[in-house]
Amino acid sequence: MTEVGMALPEKVFYIDRALLKAYAGASGDENPIHQNEEFALSVGLPNVISHGMLTMALAGKYVTEWAGGSANVREFSARFIKPVIVPAGEKVDLTVVATVTEVDGNTVKLDITATSAGVKVLGMAKAVVVK
Amino acid sequence: MINPDSVGRTFPGAGSVTVSQSEIDAFAAVIGETNTSVAPPTFSIRISLSQYESILTQPEIGVDWTRLVHGDQKFEIFRPIVAGDVFTCSATIETLRVAAGNEIISVRSDLHNGAELVVTSWSTLVVRG
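Protein chains in written order, with the working numbering: chain A, 589 to 719; chain B, 35 to 163.
Just so you know, the hints here were simulated from the structure itself, not pulled from any lab data.
In this text, a Cβ means the ideal position worked out from N, Cα and C, and glycines have one as well.
Warning: the hint list may mix true and false statements.
Unchecked claim - Where chain B lies over chain A, by a calculated footprint (3+ residues, C-beta under 8 angstroms):
id	stretch
1	641-648
2	661-672
3	686-695
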C-alpha cells in the first residue's frame with residue numbers, strides 16, 4: 589500500500605571516470621569538464637565533475653525501479669545544486685532516497701533526495717509516476 | 035550577450051531526429067537499466083541538448099556554449115520514447131534574466147513525432163559572465 593509519508597528504500601549508485609566517459613558518449617555531452625581533469629581545473633572546478641544529467645539519470649533509474657519501469661514516469665524534475673566530484677581512480681557514491689508526497693488513484697508523487705559524499709547534489713527533485 | 039528580442043520566440047530545430055534502438059541501449063546501459071523496450075525518462079536530453087546547442091548559439095540569439103552550466107531540468111513525458119520515433123524539436127526561449135553577471139535563460143523543448151507531442155522539457159541554462 590502506497591501512502592503519503594512512506595519512505596522508499598535507499599539505493600547507492602557509484603560514479604567513476606569510466607561511467608562519465610560512457611555517459612558522454614550515450615548522451616552526446618562531451619563537455620571536457622566531465623572528462624579532462626586539467627581542463628576542469630583550468631575553469632576553476634575542484635576536479636572533474638559528473639554531468640548533472642547523469643546524476644539525474646541515475647536518480648531516474650531509482651524512480652523507475654520503484655515505479656515498475658521507465659514507461660511509468662510522467663514527470664521528473666531536479667535542480668543541480670552542487671557538483672558530484674569524481675577524482676581519478678575513485679568511485680564516488682550517489683545515494684538516493686525518496687518519500688511519497690501525494691497519492692491520487694494510481695498516480696504517485698515523490699520527493700527525491702540525492703547526496704554524494706554526504707552533500708546534497710540535487711535540489712527540488714520530484715517525480716510523478718503511475719504505479 | 036543574449037539578444038533580449040529572442041525571449042518568447044520559438045525556434046525550429048534543424049531537420050528531424052530518428053531514435054535508434056542502439057542509442058536507447060547505450061543510454062540504458064550507463065544507468066544499469068536492462069529493459070530497453072522504451073527509453074529511460076531522461077533520454078530525450080540527448081536530443082534536446084544538441085538541438086539547443088545548434089539553435090541557441092546562432093548569432094541572432096547569441097548563447098556562448100563554452101560558458102554554459104545546466105541549472106535545472108524538468109521533463110513532462112506524455113508517452114515513453116521508443117526506437118523508430120522521428121522527432122522534430124523546437125526550442126522556445128521562455129525567460130531571460132541577468133543575475134550576478136550571469137545570463138540565465140529558461141528554454142522549453144517540444145519533441146513531436148508527427149503531430150503527436152511526446153515529451154516537453156524545460157532547461158534552465160546559465161551562461162557564466
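Hints versus structure:
1. 641-648: Coverage by chain B holds here, the residue count being 6 at a Cβ distance below 8 angstroms.
2. 661-672: Check passed, 8 qualifying residues.
3. 686-695: violated (count 0)
In terms of the numbered hints stated before, the structure departs from hint 3 and from no other.
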